[in-house]
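Enquirer: The chain contents come next:
There are 4 protein chains.
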Amino acid sequence: MYAKIKQEAYEANMELPKLGLVLFTFGNVSVVDREKQVFAIKPSGVSYDLLKAEDMVIVDFDANVIEGDLRPSSDTKTHAVLYKEWNEIGSIVHTHSAYGTAWAQSNRDIPIYGTTHADHLTVDIPCAPPMADEMIAGNYEHQTGYQIINHFEENNLDYRAIEMVLVGNHAPFTWGKNGQKAVYNAAVLEYVAKMALLSEQINPDIKRMKESLIKKHYDRKHGNNAYYGQ
Amino acid sequence: MYAKIKQEAYEANMELPKLGLVLFTFGNVSVVDREKQVFAIKPSGVSYDLLKAEDMVIVDFDANVIEGDLRPSSDTKTHAVLYKEWNEIGSIVHTHSAYGTAWAQSNRDIPIYGTTHADHLTVDIPCAPPMADEMIAGNYEHQTGYQIINHFEENNLDYRAIEMVLVGNHAPFTWGKNGQKAVYNAAVLEYVAKMALLSEQINPDIKRMKESLIKKHYDRKHGNNAYYGQ
Amino acid sequence: MYAKIKQEAYEANMELPKLGLVLFTFGNVSVVDREKQVFAIKPSGVSYDLLKAEDMVIVDFDANVIEGDLRPSSDTKTHAVLYKEWNEIGSIVHTHSAYGTAWAQSNRDIPIYGTTHADHLTVDIPCAPPMADEMIAGNYEHQTGYQIINHFEENNLDYRAIEMVLVGNHAPFTWGKNGQKAVYNAAVLEYVAKMALLSEQINPDIKRMKESLIKKHYDRKHGNNAYYGQ
Amino acid sequence: MYAKIKQEAYEANMELPKLGLVLFTFGNVSVVDREKQVFAIKPSGVSYDLLKAEDMVIVDFDANVIEGDLRPSSDTKTHAVLYKEWNEIGSIVHTHSAYGTAWAQSNRDIPIYGTTHADHLTVDIPCAPPMADEMIAGNYEHQTGYQIINHFEENNLDYRAIEMVLVGNHAPFTWGKNGQKAVYNAAVLEYVAKMALLSEQINPDIKRMKESLIKKHYDRKHGNNAYYGQ
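Protein chains in written order, with the working numbering: chain A, 1132 to 1361; chain B, 1132 to 1361; chain C, 1132 to 1361; chain D, 1132 to 1361.
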């Protein structure tokens, strides 16, 4: 019944170690079925070496387990909130990839310094601040989802155009229309994060790139007259 | 009819991921046929895992597609301009390799600090500034080609001796007599870019190396009495 | 008679090069048998390419060789002291992994900047200072064990909760309930060490993360109501 | 007649790319036969993918080719001088490994910050200054050998205890009793060079480690009562 999203979630999860985005089990991918209002997510703490498609856990948007013998990822409630509130996303990825996580630990947005960044989004990669103590002590992973959503709303950011975020002192989350695209975004974030640090080290007086160039590159891939790809 | 340049372009493109110079499809190589006045270039956005020699697109120097079912690289017009204006180059490579791109994002030339650099060129690796807004908004990739050419002319740089450039806020372009050499230059640029940053971190008061040593190393490989290689 | 700990020590040792934690023979793992009061440890200077389970040397808690034709690791006395004094550890790992060793060379604790760190321990990773000259000149490896233990006691650190330490100007030691967990901790230390340096480079004014978030993440994995894993 | 040193030089050369110490052909190893007063060295500019043991070129201590169809490494005269003047070395390695070369480009000795360094030598890794212009313009590679030797003599350094050097604005040279040991030293230099930079980044006020600890670690491996290895 859920074979399709289980398989897609499994394949997307298996891309994370291949792309060098996870150490041990520090990451997870989920894929949603919008009709059935459930998503398939990696089970918690299971090694990628041993992971199978049938291990994926089926969960609804209130984070109830619908099917599966294993406990779902400890970040499941964050995924559930994002699927519930943002109804145009098809997959979510969470990693502790080294450069992305270092920016999150630094509580800084990643400034837009070049076309590699502008090919994917037109603003700095946002970093949501750490939550208030009472939210952390409460329903933590649930609140993490709302921390991300509130940060987007307060800053007029559109989740359909900006498919990635850092959570302060924690790590990145990315999303996309499907598992492949969400994982792609996780790898892009890591690559852009690395180059942004290197750029600041090369030139401490570096400035953001100019708007005309940002717009041009973004529109090449995403505008009405996009001409990148097939 | 174009099998030879298609095969050469294909093989050169496939070297980019092996050398760690591209993430996903962030790069492309073209190879020219000077007699027929066309070049073979990677199709846009096609994964290296799936790429085949017959996918290469044949394009003329005004960037018209001559043969091929796929859309050529979005950077095709830049390649076309460079082949048109610089008639001694046989192949062009564009990557977003991490260190080279970080220098480009920093809008700095890469200073000549050691013999690894001097083995390949005798001056800093030039960084062309970002274009004026009206050029970006116009025929962008076409203008990128002229931005590179104008930067070389204004600074009395010879493209036959300096086979690489950074485009400000964007990324590197390299070229050479054939696909293998152009890819080789892309890898050399990345390696030199990495070591230049490390050198500045080790010694913030670092100076460029002296002219006598630059000349000696360059002439070992490129002078009339070169004695490097077979 | 000692086949079980030899096999476990062998397998744990073989994980070190796979995880990129050792160059040549710069590392060793031991696994203890608490009933027999002995441990199995890597022989000194034997290449990982040639290592076999039967090469493991059996040593008692006073560092006497009980079984084995090869000389045990030169760090054997440090392992012996730690097993003797800390009776709840099952395995010890020593590496010269690059980032962990760089922090040790810098004689700095690794500050707790993010949840990746807090998932494993709630305080900075401690760095024991280099020993007094007379201890170095004396029974060096034996004293190294006591240097670690004394540092934990003087700073009220609990080795059961903090399974890792840096030895100043030297390198990391980690431990755990078994070989797999001790090696896991060695990899976590290296990853956290790398991200801590990157974080300080991204934000020179960086602060430690707040206590509420540290506690939450640690308790997710280690508290009475832990819900990470299966 | 020279099969043994050709085979040993070939195998040592092939270790360089495996250890990540060379890009393309930026490195070479030679192995000496002291009785016959010749050495086997890599041919110039031949790709490691295509290299065969029989390609090694046999050269005497005045840099005359004794046997071989290919041109020897462009650094051959440096090797010849070192074999001629330092009669206890059995093999020489030259690489442009990234961190070692970055220190050379910075014209700084690599300070001794930890036991990984002290396990191999008791002083900073020396960096010989770039040569005077007239020496560069003259018999350059021959003079490079003497530049190294003179730097050791002027600073009372013993090549038998210090098996590595940086040549300013150029790159590292290492040596040892045989090919395997000389390559080992090249990898150790690179690893120590990387960790020294990281250590300075972690702690800008870092000091050299103390003499008692240097001596202890060096003697563990090299003293009269050495107890490292089998």
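No lab work stands behind these hints, which were simulated from the structure alone. Small disclaimer: the values here were computed from a predicted structure and weren't measured. Careful: at least some of the hints might be erroneous.
Pairs count within a copy or across copies, as identical chains cannot be separated in the list.
[Said to hold, decoys possible] Restricting the straight-line Cα-Cα distance to at most 25 Å, the calculated cross-link-like pairs of lysine-lysine (DSS-like) are: (1) Lys1312 to Lys1346; (2) Lys1341 to Lys1208; (3) Lys1341 to Lys1308; (4) Lys1346 to Lys1167; (5) Lys1346 to Lys1135; (6) Lys1149 to Lys1183; (7) Lys1338 to Lys1312; (8) Lys1135 to Lys1338; (9) Lys1208 to Lys1183; (10) Lys1352 to Lys1208; (11) Lys1149 to Lys1215; (12) Lys1183 to Lys1346; (13) Lys1341 to Lys1183.
Enquirer: Next, verify each hint and record whether it holds.
Expert: For each hint, the structure was consulted:
no.: 1; hint: Lys1312 to Lys1346; verdict: within (21 Å within a copy, 34 Å between copies)
no.: 2; hint: Lys1341 to Lys1208; verdict: between (38 Å within a copy, 22 Å between copies)
no.: 3; hint: Lys1341 to Lys1308; verdict: neither (29 Å within a copy, 35 Å between copies)
no.: 4; hint: Lys1346 to Lys1167; verdict: neither (37 Å within a copy, 36 Å between copies)
no.: 5; hint: Lys1346 to Lys1135; verdict: neither (37 Å within a copy, 38 Å between copies)
no.: 6; hint: Lys1149 to Lys1183; verdict: both (16 Å within a copy, 23 Å between copies)
no.: 7; hint: Lys1338 to Lys1312; verdict: neither (29 Å within a copy, 34 Å between copies)
no.: 8; hint: Lys1135 to Lys1338; verdict: neither (45 Å within a copy, 44 Å between copies)
no.: 9; hint: Lys1208 to Lys1183; verdict: within (22 Å within a copy, 43 Å between copies)
no.: 10; hint: Lys1352 to Lys1208; verdict: between (32 Å within a copy, 16 Å between copies)
no.: 11; hint: Lys1149 to Lys1215; verdict: neither (30 Å within a copy, 40 Å between copies)
no.: 12; hint: Lys1183 to Lys1346; verdict: neither (42 Å within a copy, 32 Å between copies)
no.: 13; hint: Lys1341 to Lys1183; verdict: neither (46 Å within a copy, 37 Å between copies)
Consistency with the previously given hints fails for numbers 3, 4, 5, 7, 8, 11, 12, 13, ordered from lowest to highest.
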